[in-house]
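These are the residues of each chain, in order.
Protein chains: 4
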Amino acid sequence: MTNTLARFGAAAIFALLSGLAQTHAQTAGSTAPGGDPVLIEDIVIGSRILADFGVVDGFGHVSARHPTNPNRFLMSRSLAPALVAASDIMEFDLDGNAVDARGRAVFLERFIHSEIYKARPDVMAVVHTHSLGVIPFTVSQVTLRPMYHNAAFLSAGAPVWDIRKGFGETDMLVRDGARGKSLAEMLGDKSVVLMRGHGDVTVGPSVRIAVFRAYYTDIDAKLQSQAIALGGDVNYLTPEEGAKADTVNLAVLDRVWNLWKLRVAPTLAK
Amino acid sequence: MTNTLARFGAAAIFALLSGLAQTHAQTAGSTAPGGDPVLIEDIVIGSRILADFGVVDGFGHVSARHPTNPNRFLMSRSLAPALVAASDIMEFDLDGNAVDARGRAVFLERFIHSEIYKARPDVMAVVHTHSLGVIPFTVSQVTLRPMYHNAAFLSAGAPVWDIRKGFGETDMLVRDGARGKSLAEMLGDKSVVLMRGHGDVTVGPSVRIAVFRAYYTDIDAKLQSQAIALGGDVNYLTPEEGAKADTVNLAVLDRVWNLWKLRVAPTLAK
Amino acid sequence: MTNTLARFGAAAIFALLSGLAQTHAQTAGSTAPGGDPVLIEDIVIGSRILADFGVVDGFGHVSARHPTNPNRFLMSRSLAPALVAASDIMEFDLDGNAVDARGRAVFLERFIHSEIYKARPDVMAVVHTHSLGVIPFTVSQVTLRPMYHNAAFLSAGAPVWDIRKGFGETDMLVRDGARGKSLAEMLGDKSVVLMRGHGDVTVGPSVRIAVFRAYYTDIDAKLQSQAIALGGDVNYLTPEEGAKADTVNLAVLDRVWNLWKLRVAPTLAK
Amino acid sequence: MTNTLARFGAAAIFALLSGLAQTHAQTAGSTAPGGDPVLIEDIVIGSRILADFGVVDGFGHVSARHPTNPNRFLMSRSLAPALVAASDIMEFDLDGNAVDARGRAVFLERFIHSEIYKARPDVMAVVHTHSLGVIPFTVSQVTLRPMYHNAAFLSAGAPVWDIRKGFGETDMLVRDGARGKSLAEMLGDKSVVLMRGHGDVTVGPSVRIAVFRAYYTDIDAKLQSQAIALGGDVNYLTPEEGAKADTVNLAVLDRVWNLWKLRVAPTLAK
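Residue numbers (the working numbering), protein chains in the order written: chain A, 1 to 270; chain B, 1001 to 1270; chain C, 2001 to 2270; chain D, 3001 to 3270.
Chain A with its partners taken away, still in its complex shape:
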């Protein structure tokens, strides 16, 4: 983790080699669903940021509620997050049906997104990861707690959803609406829900905030593991401290977003 900011160069080179610049040329004049190039670019950039930091590997996804039709959401076709481009973004209804599939493969777990958008009108973006920091907490009796102000949103709680409780011995995937609904119920009014033996989901009022929360949930989990390993009690943020600090985080979010965007798309960020 100490190296994350050391790799602008690599990300920059990747941007050039992988044709991200072109990707954004496409984005600029995009006729992609949603008709909002900035929103679609946030999904693309957010997916690449989480891949760049290793919060997602070949799996995981970032989605956004449709800007003008609250009963639709935007999400990439089935593709590794690091490779998502504007032209890969598809439109889905809140039952997880692709509005215009055109034969493109879709994510098995799109129901994570559709059911949360259905249950949470306030949620405008959803991120699903297999965060390596978080996974130990999904199978532990230890609760994920806020270690510092950047992860203040955790002070509202981060419940663990165990698919086995409602669905028995499964392939662990949220592959239908019933499983997605159950996950959304465990999320409740929180910003984060952990999935036993699987990963986590973060939500927010914008793609940037959901991505920010996915990133700092991973960091916070690693910090909490270190604090516990030191032994003795850990002095976590209180709910009131967390609520107040979270407000500030959202206000200064663009400072870090612009930095992260430069990591994955330097040519664009200029």
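It should be emphasised that the hints constitute simulated quantities derived from the structure, not laboratory data.
Computed list of lysine-lysine pairs in DSBU-like fashion (alpha-carbon distance at most 30 Å, straight line):
1. D:LYS3118 with D:LYS3181
2. B:LYS1244 with A:LYS165
3. C:LYS2165 with C:LYS2190
4. C:LYS2261 with A:LYS261
Quick list of simulated restraints, FRET-style, between CB atoms:
5. D:ARG3255 with B:ASP1254: 24 to 34 Å
6. C:SER2087 with A:GLY103: 48 to 58 Å
7. A:GLY103 with B:PRO1070: 35 to 45 Å
8. B:PRO1067 with A:GLU185: 48 to 58 Å
9. C:ALA2251 with D:LEU3250: 32 to 42 Å
10. B:ASP1254 with A:ASP254: 30 to 40 Å
11. B:ARG1102 with D:ALA3243: 27 to 37 Å
Every residue gets a Cβ at the ideal spot worked out from N, C-alpha and C, and that includes glycine.
Position chains B, C and D against the provided structure of chain A, taking the given hints into account.
For chains B, C and D alone, kept in the frame of chain A given last:
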């Protein structure tokens, strides 16, 4: 580990500087043994992927059973995995003899591969690593267990082979058929076997699957170490969950393989 | 952390892509406040070094007391440390007021700096980070101690400031002079103060020394965590050993500073 | 550590940007002391490898006994290991005096090297590091032990030297012959000695072997920390296994050396 996807750029540059592009030009028109350029490329790409992620360092190897002659297998000459090219692939019989050595140095531990191919007709690929995540489990009383669905294949078990039990105080290497046979017996019908004070071996029905398993065995071991450090019981995947999840992993494998391939051979992946 | 020196290349590329070279061209002929291009360059380079090592992420700041007016200090406008350039440096008085804001956004937590400069005439530079190594110690009952000679400055002590003690349930930020004064009082005559659930502050007689201390505070914390995890007593540096070793560190500081400078600005370092 | 092999690209770029190619041009026709370009190149490459892997940071050094005069050794002027070039190599006598200083700054701790060469006629190379993996073991009651065959040389033992025992409260540095002699006595006939609150020293019959041992001492320490954290007994290599495995390691050393050399000097390795 959080940085693994952050380094496309570096890998891309390496591809150009180290002449990987040429390597693949060779691969395309390869007259290498096995006569299957795609299979040979998978061995090359798989070796470089595991090196790129640090699952192997200067040591370790990836092999494949000969596509048309089940009594033969394909493996690089003695060379660091990061440097393996199509022209380095040699053909061996199931006693570990090079069919056409032409003076090339061979791996001392090729018997890991030959004896597993002999004992397991279903196995089409074998990977040997000194995975840093796994080594602690090779000398511990703690059993490696599946932490999440990506490592579901571990739910069938990952036994530890101690060379000392059958062969006394050795140099720890599987340098002959007898040691290879003993290791293959400990592997049994599993996908992974750990080697005390040495590393591990993963197998599968294809190079891509054996490499996938080598990668996620390393990740899972690191996650399990973190979960144990948190204290309290750990809620591992059940055998049935593991069996079901593994089926899905194999179905979506190419999504992550194509991503990894781009890491080490961007010019090829285009 | 084992990889930090492996990334000159990435940093070099970043330097070129992000126009750092130009930045330094600006620096050379800078008319920035303070009128000392070398001092301003140290703030720029120090900010980028800490970002390059991940000691700071999108947040954190480096400041220096004005070279000719001890009642002023120099600090970037509100910006991610990795992106700070000479032209971003602003001048502030010791109440944290921008002397010539020209509409530029300023850091909420500039009072960390202003109050320490007020309380500590010997301090010529201040660094604030959310160091991932340190944060566990800010919420732990375990005291941060010097593990080795490079972190000898810790032998004088590294107290933990808990904002809640003096200010109740807050947003955790040092957003006014009263909070800054309280933090400065906890720092006392030390080189480092930890901030509960937030990060740390290091100070020194120069930017280079304050940055050196921020870096080795992060490293030392990670080393101490490892030593504690081994179990048994840990044999820390004694106060007298620490005092003697610190003197040597300051004498050889430029050897490592010049290396770090090359990491983030190779074109300049030539 | 999982990322070490992922960064050929960065190292390659660094090689180009930092003029390493030229460095080696110089090396080729070098008139440096010792008159052995290959030996001097090994010191240069070894220094850069250890920096590239983070086994050394801005501090640490690699030396070699003079190939024709056993009462002399070769070592860089005072410089960060990552920046050492052939033209920086100086010649010293076994009392640590520079034979031809020409005003160049020398390392304070050259006595680590001089006294070991004096005490150990079999030693042809010495490496000193502040290895982050090892430092916790230098202040712990837990003994560093061989986890796997690549670190087999540890089976002979890795004693800890505490400067305080012989010299009281010091600046921790081996800054004279008496301290060097005491350290050499603690090393005895071993390949590794740890230095409390400081780092370690590895020795060998060649630069490549001493560097190999410095690298795997760091890796082994990290692996042992992980194994201990799992709880329960750890099944280390036995002395006889270690002795046998070490013989093999030395025989296959060039496979990994050539890989590492490519990391730091791709243009040269071609």
